[in-house]
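Q: Read top to bottom, the protein sequences are chains L and W. With the first letter of the first sequence counted as 1, position 8 gets the number 8 in the working numbering; the numbers rise by one all the way through. For any residue, its number in the working numbering is found by taking its place in the second sequence, counting from 1, and adding 1000.
Please note that a few of the clues may not be correct.
Said to hold, decoys possible - Mimicking DSS-like on lysine-lysine, the simulated pairs with C-alpha atoms at most 27 Å apart in a straight line are:
| id | chain 1 | residue 1 | chain 2 | residue 2 |
| --- | --- | --- | --- | --- |
| 1 | W | 1144 | L | 363 |
| 2 | L | 104 | W | 1363 |
| 3 | L | 79 | L | 144 |
| 4 | W | 1104 | W | 1144 |
| 5 | W | 1105 | L | 105 |
Derived by calculation from the structure, the hints in this document are not laboratory data.
2 protein chains.
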Amino acid sequence: MNVEIVTIGNEVLSGRTVDTNFAYLARALEATSVEVLWHSTVGDSAERIAEGLGRALERADAVVMTGGLGPTPDDVTRKAVATLLGRPLGLDEQVLAAIRERGKKSGRKLPATVETMALIPRGAEVWMNPVGAAPGIVITHRDKPVILLPGVPQEMEALTEEYLVPFLRERTGRTVESFTLRTYGAFESQLHERIGSLPDQWPGASFAYLPSYFGVDLRVTVAGNSAPGVRESVLRAYNELMAKVRNVVYAEGGIGMEEVVGSCLRERSWRVATAESCTGGLLAKRLTDTPGSSAWFERGFVTYANAAKLEQLDVDEATLNAQGAVSAAVAEQMAAGARAHANVEVGIGITGVAGPDGGSENKPVGTVFIALVTPLGTVSRVHRFLGTRATIRERAAQTALDMLRRHLLELPVDPSLD
Amino acid sequence: MNVEIVTIGNEVLSGRTVDTNFAYLARALEATSVEVLWHSTVGDSAERIAEGLGRALERADAVVMTGGLGPTPDDVTRKAVATLLGRPLGLDEQVLAAIRERGKKSGRKLPATVETMALIPRGAEVWMNPVGAAPGIVITHRDKPVILLPGVPQEMEALTEEYLVPFLRERTGRTVESFTLRTYGAFESQLHERIGSLPDQWPGASFAYLPSYFGVDLRVTVAGNSAPGVRESVLRAYNELMAKVRNVVYAEGGIGMEEVVGSCLRERSWRVATAESCTGGLLAKRLTDTPGSSAWFERGFVTYANAAKLEQLDVDEATLNAQGAVSAAVAEQMAAGARAHANVEVGIGITGVAGPDGGSENKPVGTVFIALVTPLGTVSRVHRFLGTRATIRERAAQTALDMLRRHLLELPVDPSLD
Chain L
1 MNVEIVTIGN
11 EVLSGRTVDT
21 NFAYLARALE
31 ATSVEVLWHS
41 TVGDSAERIA
51 EGLGRALERA
61 DAVVMTGGLG
71 PTPDDVTRKA
81 VATLLGRPLG
91 LDEQVLAAIR
101 ERGKKSGRKL
111 PATVETMALI
121 PRGAEVWMNP
131 VGAAPGIVIT
141 HRDKPVILLP
151 GVPQEMEALT
161 EEYLVPFLRE
171 RTGRTVESFT
181 LRTYGAFESQ
191 LHERIGSLPD
201 QWPGASFAYL
211 PSYFGVDLRV
221 TVAGNSAPGV
231 RESVLRAYNE
241 LMAKVRNVVY
251 AEGGIGMEEV
261 VGSCLRERSW
271 RVATAESCTG
281 GLLAKRLTDT
291 PGSSAWFERG
301 FVTYANAAKL
311 EQLDVDEATL
321 NAQGAVSAAV
331 AEQMAAGARA
341 HANVEVGIGI
351 TGVAGPDGGS
361 ENKPVGTVFI
371 ALVTPLGTVS
381 RVHRFLGTRA
391 TIRERAAQTA
401 LDMLRRHLLE
411 LPVDPSLD
Chain W
1001 MNVEIVTIGN
1011 EVLSGRTVDT
1021 NFAYLARALE
1031 ATSVEVLWHS
1041 TVGDSAERIA
1051 EGLGRALERA
1061 DAVVMTGGLG
1071 PTPDDVTRKA
1081 VATLLGRPLG
1091 LDEQVLAAIR
1101 ERGKKSGRKL
1111 PATVETMALI
1121 PRGAEVWMNP
1131 VGAAPGIVIT
1141 HRDKPVILLP
1151 GVPQEMEALT
1161 EEYLVPFLRE
1171 RTGRTVESFT
1181 LRTYGAFESQ
1191 LHERIGSLPD
1201 QWPGASFAYL
1211 PSYFGVDLRV
1221 TVAGNSAPGV
1231 RESVLRAYNE
1241 LMAKVRNVVY
1251 AEGGIGMEEV
1261 VGSCLRERSW
1271 RVATAESCTG
1281 GLLAKRLTDT
1291 PGSSAWFERG
1301 FVTYANAAKL
1311 EQLDVDEATL
1321 NAQGAVSAAV
1331 AEQMAAGARA
1341 HANVEVGIGI
1351 TGVAGPDGGS
1361 ENKPVGTVFI
1371 ALVTPLGTVS
1381 RVHRFLGTRA
1391 TIRERAAQTA
1401 LDMLRRHLLE
1411 LPVDPSLD
């Protein structure tokens, strides 16, 4: 079964809004084993919406359209679809009641136009929106489902998860399972060299490398007609893939590096303090992205000026003058100073050249020293990151977190596939 | 003149990669005054690419396709287009020489397949790629230009800027000018109420509200056949719009709030120190996003634990116990402590409840106190931000920067359209 997704909206067609809804839907639909073969984007015009839907119905088994279901005059999807498919709009009492109830709860005076969202094409099924007013709408046209979803991302996502995925799953009758291994410290090409054509041997599996500056995620999706068969293939894939890449896997699923580090610290009942120069607070920000991080994050020092390094972290002035602020010795002293002043178990120090200026022959832009001081000992490393100022800073923070994770787990600090 | 953009690539169709190329192209093409009326996405399949191009040629005056021009077997755009348009591929000596030259310079041994990128459809125009190997290709088919661009964002962007925009501009013969006013502190609905239908009076202008949690950008684009006419309309739009919203405009064009704050500090030769609790280093990170920020950013304190607030910033223990860590008094003491310890002119303190836990009836999630202490005096405000932990933190940092900007410019600290 194949599907066409149609995005509706001038803000998307003009490039003002990047179409993350489409990417979300395409990934979510993987779990249903339908194939997304086409995607198109049209503006908020009844004519274009009708044209987009007409073409989609010619070539796809099902059509999912997002956007244009709101209450303002430029929301014309409902009307365009009703006209094209010959299903006049009528007021749906259940939807109307839900809209009025939402209005009452919010305590705000809503304009009368919101009630246009209760106009539903005749004979359509309605999916009540758990987080907003505009419902999902399903029309079956010559045996092909046409599904309309609102364009507000959180509403579209809620309806997709609650209704669309189960609906398509039931129609395909196939089982789909997937898992993701998150790796850090190996390039995509190194992973590829190691994994090779192994995924071809997993029945029903598709395999993807998903690189970003947070590492390379490895994603396996298995589809099949038999649930036990799919399960068996997933287990085999998991075990065989893990055997190849175990040494660089830091998490599974959607867990972030900062959450893993938090768990490792919690496990030991240790607390951390950060001392940052070139990352300018980003490492502390990452560590506090996680709710509840106050259990293990104590404080952070953003010692951008040299005076701050000397005064706040007791960095030795002679060392600083002799080796420079960007050096292993200063990174270690920063980590030790943060640890001592915060009176915690773990200190991290980062100092480097984020650029675009400030590089030299010996210490080009992207040179970053990272040091850890903990009851397990002191570790420091120098890294050379490529990229812009922003990506160098992101990579430095992610690398510091991975170093700390490895150190706390008593793994070798330098990531290696072997 | 209208254009269809076709994105080619399994990684986009699968939702793995969000299609930022399309958004870039749509925005870039605004400067040419062509209209982007359709966008479609197809996978790396010769059949689908041909179908996508065929449909696009039926309805558009020009077609721009991105992706699938690389050297690997799944890059089939060149071949699919050549076949559909009846233009056999032939080796282009100039492109081949450029590819070999690039290989030599990189010092890496390139696989022989890279030379397939020199295969060009007969009679096509070639746009040499300034930052990569795959050139842009222009085929004129029944008077309609079909333009093929590589999918690597930086290559696509370089070719768009250098060749595509001038090419389309010349074909439309129209002049386009645009400007953006960046506002902070007024909701989109408030701006809309104030601006109303004013933009309808600017000849040839289109007007857009671009909201994000960094504020609402207002963008005006004017197109016309006469350069002086366009200029006149732009000036009128600028003056009339500015008259309406001047009090909440913090920058023009692509300048970020942190850059504006940096300029204000530089202007006074003042330096800043930050003291953060709930933002956990994000404010320091924002201030150091700008290259050269060491001229005015001295240091930051991420005092997550109460002990850190007492020890590092001399927050008064009695005040903290009586009023709580999330209070105006503590925010002010944090700002004053950061300023005194760093021995700089400007101290900023932020303390609040980022959530999802930790809220109370009096101080619900999203309550954030922000204080400034400078030679101009002490200011503090309480804010209630809506959203997730991440957006509350982003809004708090942006609001602190805007408060500081207003204070340094001796404007009223609370933004207001009036």
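Q: Next step is simple, just say for each hint if it's right about the structure.
A: Each hint tested on the structure:
For the given pair, residue 1144 of chain W sits about 52 Å from residue 363 of chain L by alpha-carbon distance, which is inconsistent with the 27 Å threshold. Under the criterion of a C-alpha separation no larger than 27 Å, the hint pairing residue 104 of chain L with residue 1363 of chain W is consistent with the structure, at around 24 Å. About 19 Å separates the Cα atoms of residue 79 of chain L and residue 144 of chain L, which keeps this hinted pair within 27 Å; it holds. A hinted pair counts as satisfied when its Cα atoms are at most 27 Å apart, and residue 1104 of chain W with residue 1144 of chain W does not qualify at roughly 37 Å.
For the hint pairing residue 1105 of chain W with residue 105 of chain L, the CA-to-CA distance comes to about 66 Å; that exceeds 27 Å, so the pair is violated.
Consistency note: the structure conflicts with the earlier hints numbered 1, 4, 5.
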